[in-house]
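J.: Take a look at the letters that make up each chain.
2 protein chains.
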Amino acid sequence: MAALPERARELIDARNFATVATIQPDGGPQTSVVWVKRDGDDILFSTIKSRRKYANLVADPRISVLVTEAGDAYRYAEIRGHAVMTDDPRADLIDELAHKYTGAAFDLPPGQQRVVVRVIPAHVVVYEE
Amino acid sequence: MAALPERARELIDARNFATVATIQPDGGPQTSVVWVKRDGDDILFSTIKSRRKYANLVADPRISVLVTEAGDAYRYAEIRGHAVMTDDPRADLIDELAHKYTGAAFDLPPGQQRVVVRVIPAHVVVYEE
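These protein sequence lines map, in sequence, to chains S and Y.
The first sequence maps to residues 1 to 129 in this note's numbering.
The second sequence maps to residues 1 to 129 in this note's numbering.
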């Protein structure tokens, strides 16, 4: 497990989007965009069980999270690690993230099975052009 | 090979950054940020031979390219495919990309072995919140 450098903490704590990469069944990469928050040295995001990345992470928990600075995407941190997932039946995390990113509650569609994805860092790269 | 939908073309042709995911030697994902341009249905970016992603793509050409809209990262396209790499001894591509993204020539550090990475799409996902 790796500690997050101060610069990575700043990027995650601000209202910056993250791109997450997971491994497809055929071993190739898959990417998508998520909202993130930090819990100590871990990164949290929310997904739903019908998403490709959920199935990928069930099969292989390895993940890379790249957080870019809004307005200057060449300033970023890449956090590689593994994901631990837990059910979020009340959808608390996505609501918390919606408040962080939009300032409002999340308009939850019915029937979604929300999941908390906790990324435990193993290796961190901070990149500043 | 997949054709790029119009929306993916728009995202690539504009001055949007891309996150690329490659496969590490251990099979896990690695991500980084690049400038991109389009050549027909292919996506081009520049890298150097000392970079992690270059070594990864030599060993496994599978790649995912995610292009987000500046200012609204929840509007994006993911292009999965494979990379074909060719040497770029005159560094033409990075110079062309620098003009696209910064309006100026690229200040090329000495000794870099520049490479053109051509991504040939196999599968495209367009996501708009």
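Don't read these hints as lab results, they were simulated from the structure.
Among the hints, erroneous ones may be present.
To be verified - Now the stretches of chain Y that chain S is said to cover, found in silico as 3 or more residues with beta-carbon under 8 Å:
hint : region
1    : 37-49
2    : 54-65
3    : 75-86
Using N, Cα and C, we set each Cβ at its ideal position, and we do this for glycine too.
J.: I'd like to know which numbered hints this structure contradicts. Please list them from smallest to largest.
T.: The structure breaks only hint 1.
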